[in-house]
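Taking the hints into account, I'd like the entire structure generated from these sequences.
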Amino acid sequence: MSGPRHDDSWRRLTRRAFLRNAGLTASLVALAQLRVAPAALAAAEGVAGPSVLSPQSAEILTQIVERMVDSEDPRAPAVRETRTLAAIEGVLGQLDPALTSDVPFALGLFEWGPFVFDLTFSRFTQMTPAEQDESIRCWMNSRLELRRLAYAALRNLAFIGYYSQDGTWPEIGYQGPLLRGRAGA
Amino acid sequence: MIVTLGDQQSDLALQADVCVIGSGAGGAVAAAELAEGGRSVVLLEQGPHWTAADFSQREDEMLPRLFEEGGLRQTRDGAIQILQGRSVGGSTVHNLCYCLRTPDAILRMWRKEHGLAELTPEALAPSFARVEQGLKVKPIRKDEVNALNRLVRRGADSLGYSGFVTKHNREGCVQSGYCLLGCSYDAKQSMLITYVPRADAAGARIYAGARVERIEADGGRVKRVFGHGVSPAGEVRGSFEVSAKAVVLAAGAVNSPDLLLRSGLANGSGQVGANLHLHPSVIATGFFDEEIHAYRGIPQSYYIDEFIDLERDPHSGYVLMPIIAFPALTAAMTPGFGRAHSALMRDYAKTAGLLVLLHDRTSGRVASGGSQAKPRIDYALEARDAEQIAEGLVHCAEVLFAAGARRVLIPYQPEPLLLERGDDLTEITRRGAAQGQLTTASTHPQSTCRMGADPRRSVVGPWGECHEVEGLFVADMGVFPTSLGAPPQITTAMFGDRTAHHILEHWKRFET
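For the protein sequence lines, the chains are A and B, in the order given. Residue 139 in the numbering used here sits at position 139 of the first sequence; the count goes up by one each step and never skips. Counting the second sequence from 1 gives a position; the numbering used here is that position plus 185.
Bear in mind the hints are in silico, worked out from the structure with no lab data behind them. Note that CB positions come from ideal geometry on N, CA and C, so glycine has one too. It is possible that part of the hints are untrue.
Unchecked claim - Reference excerpt, derived from the structure (chain B facing chain A, CB under 7 angstroms, subset only):
no.: 1; residue: D245
no.: 2; residue: A513
no.: 3; residue: R524
no.: 4; residue: R531
no.: 5; residue: A534
no.: 6; residue: P599
Said to hold, decoys possible - Chain A regions said to be covered by chain B (calculated; three or more residues, Cβ under 8 angstroms):
no.: 7; stretch: 69-82
no.: 8; stretch: 131-143
no.: 9; stretch: 162-168
Stated by the list, open to error - Restraint-style ranges between C-beta atoms, simulated for each label pair:
no.: 10; chain 1: B; residue 1: R641; chain 2: A; residue 2: D118; range: 55 to 61 angstroms
no.: 11; chain 1: A; residue 1: P170; chain 2: B; residue 2: G554; range: 42 to 48 angstroms
no.: 12; chain 1: B; residue 1: E401; chain 2: A; residue 2: Q56; range: 51 to 57 angstroms
no.: 13; chain 1: A; residue 1: Q56; chain 2: B; residue 2: F349; range: 53 to 59 angstroms
no.: 14; chain 1: A; residue 1: Q126; chain 2: B; residue 2: R561; range: 38 to 44 angstroms
no.: 15; chain 1: A; residue 1: S122; chain 2: B; residue 2: E605; range: 34 to 40 angstroms
no.: 16; chain 1: B; residue 1: S416; chain 2: A; residue 2: R137; range: 41 to 47 angstroms
no.: 17; chain 1: A; residue 1: V116; chain 2: B; residue 2: R641; range: 51 to 57 angstroms
In structure tokens, the structure reads:
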């Protein structure tokens with residue numbers, strides 16, 4: 001995996017390719033790599049936190065995931081207690097750089113979106129959970145394709161990262177693979 | 186032995202009687218039959234060679250290993266996800282093993298409207314029989330029908346809808362339910378463990394990680410195939426060149442036309458890449474009170490054919506099929522977010538999916554993306570087809586409620602439609618099913634190199650040989666003259682068998 005990437009590309013508003021491609025089908029690409037090289041390597045090396053994203057981008061993404069998978073069920077593992085973000089970074093590390101270079105861009109849009117698009121004098125990470133939900137809803141229902149696609153892309157990354165964690169399965173009643181004991185599985 | 190070119194830096198020059206491109210349902214059958222018929226064969230597969238030991242039953246690991254573009258393939262507008270296999274064995278590694286012959290009414294329509302007088306059930310029977318034997322096709326036993334399929338059958342029966350338990354190509358199935366992620370037990374009789382080993386045993390030279398980039402013809406005859414080795418991570422390795430007297434192109438209905446277009450071959454009619462059909466599919470999800478664990482057991486065995494009458498109209502209709510997905514994919518495909526979404530996910534073990542698979546009249550196109558770029562896929566669902574999908578979703582909801590569901594989810598984007606028992610289901614037809622409104626996928630791209638007697642309207646003739654290039658055959662779903670309207674595995678394999686036997690019977694023509 002390469003080192004940290006520059007985090008200012010979100011300022012370039014012309015990059016639609018990532019957002020278009022990372023809609024519905026990004027889910028499968030993401031699924032693809034969660035337990036392949038990067039995630040597995042990170043686990044093996046005891047890497048504690050994200051390395052592809054800057055700390056600022058990682059915090060924005062973490063808060064987005066927290067709202068996406070928010071549950072009333074106390075058994076649902078908290079996002080920060082799982083390896084969800086490391087898994088997402090594993091996904092990003094395996095994708096075409098032409099797509100992943102726009103992730104900080106999309107995260108930056110999400111962070112500043114309330115201020116830029118919705119005339120709310122707050123950044124996403126400074127909002128209450130209820131305000132964050134409302135902000136996400138604005139992205140989801142926006143008349144701007146760019147915002148809807150950003151929502152779809154980040155949403156899919158969030159779900160793939162979270163529900164690929166074995167710890168989330170008991171809550172939903174998924175019994176998991178039958179080959180858990182097999183080497184390499 | 187299967188050689189992985191993705192591991193090799195050196196260049197390779199090969200000669201063969203026949204070069205087969207693609208190891209899925211069409212290519213693997215053609216390669217085995219040709220090799221067993223005494224021809225020297227080189228079989229090239231772009232994807233890696235995975236085996237049962239690699240199939241971990243984890244969706245996060247297996248989906249990218251088994252699918253084209255790591256699962257990213259989609260129509261250009263992003264509205265339809267296109268899932269095609271990309272490994273030795275092609276889509277037969279991940280498919281769900283429905284085994285149906287080409288419907289007689291479809292063959293009749295192909296004969297009448299596309300001049301394919303040769304395609305009679307009687308003439309095709311030997312090929313069907315061979316592939317069914319080769320894949321160990323047999324009826325699914327009553328005790329092999331899982332909870333999901335029993336439940337769907339119960340709903341359909343109570344409504345009086347026509348349906349049946351199909352045949353499948355499994356042997357010694359342990360009913361783990363992970364067919365979609367590759368069979369860890371070698372029970373699924375995919376090309377990976379049937380025809381590819383047969384080709385190997387008969388002396389075919391088989392190369393995985395072999396990306397074909399160009400086919401060359403000279404004087405109207407096919408001559409050579411060029412490409413590079415590619416590692417599973419996509420790193421380009423050494424080049425290869427195969428000189429052959431005949432080439433069978435079976436890379437699937439997206440990659441085959443892309444390759445022909447990049448090679449500048451067989452497209453005087455302008456039909457290469459045209460006439461794309463997708464069998465677009467949308468899943469309705471029923472929520473039940475009891476745990477179903479629909480992901481356990483044989484995923485698909487029951488088949489509802491109430492809404493397709495090919496004898497009356499061979500061009501339209503839809504079928505309903507039970508379906509499952511594992512948690513991460515289910516979460517991504519379920520619209521919405523937050524507590525409402527989590528509440529739906531909490532009932533994962535109590536859900537049952539039923540999909541509408543459309544026999545589409547809509548016609549799209551595959552265009553070449555150039556030497557390295559991905560093919561471009563354009564497809565715009567026609568209004569009459571969208572109406573059929575909406576109607577199909579109404580029937581899915583009916584069946585699921587009749588089976589006992591307390592709620593049914595229709596995957597409208599960005600927020601789903603949740604129907605309660607007793608709700609007016611015409612809300613679905615009121616909303617419609619225009620492209621982009623619903624989470625939609627395709628696993629059956631077809632018809633992009635269609636077969637026909639008229640060279641102005643088709644790419645290949647009645648035996649799969651390109652009208653314009655002698656010795657160049659196509660043997661994948663691309664040759665279907667129209668949408669098939671049924672699961673395509675057996676029809677595709679039949680065309681692979683038929684093409685191979687035609688080449689064997691007329692070998693002197695290619696030898697000279």
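Evaluated hints:
no., hint, verdict
1, D245, "holds (4 angstroms)"
2, A513, "holds (4 angstroms)"
3, R524, "holds (5 angstroms)"
4, R531, "holds (6 angstroms)"
5, A534, "holds (3 angstroms)"
6, P599, "holds (5 angstroms)"
7, 69-82, "holds (count 6)"
8, 131-143, "holds (count 4)"
9, 162-168, "holds (count 4)"
10, B/R641 - A/D118: 55 to 61 angstroms, "holds (56 angstroms)"
11, A/P170 - B/G554: 42 to 48 angstroms, "holds (44 angstroms)"
12, B/E401 - A/Q56: 51 to 57 angstroms, "holds (53 angstroms)"
13, A/Q56 - B/F349: 53 to 59 angstroms, "holds (58 angstroms)"
14, A/Q126 - B/R561: 38 to 44 angstroms, "holds (42 angstroms)"
15, A/S122 - B/E605: 34 to 40 angstroms, "holds (37 angstroms)"
16, B/S416 - A/R137: 41 to 47 angstroms, "holds (43 angstroms)"
17, A/V116 - B/R641: 51 to 57 angstroms, "holds (55 angstroms)"
Comparing the model with each earlier hint shows no violations; every hint is respected.
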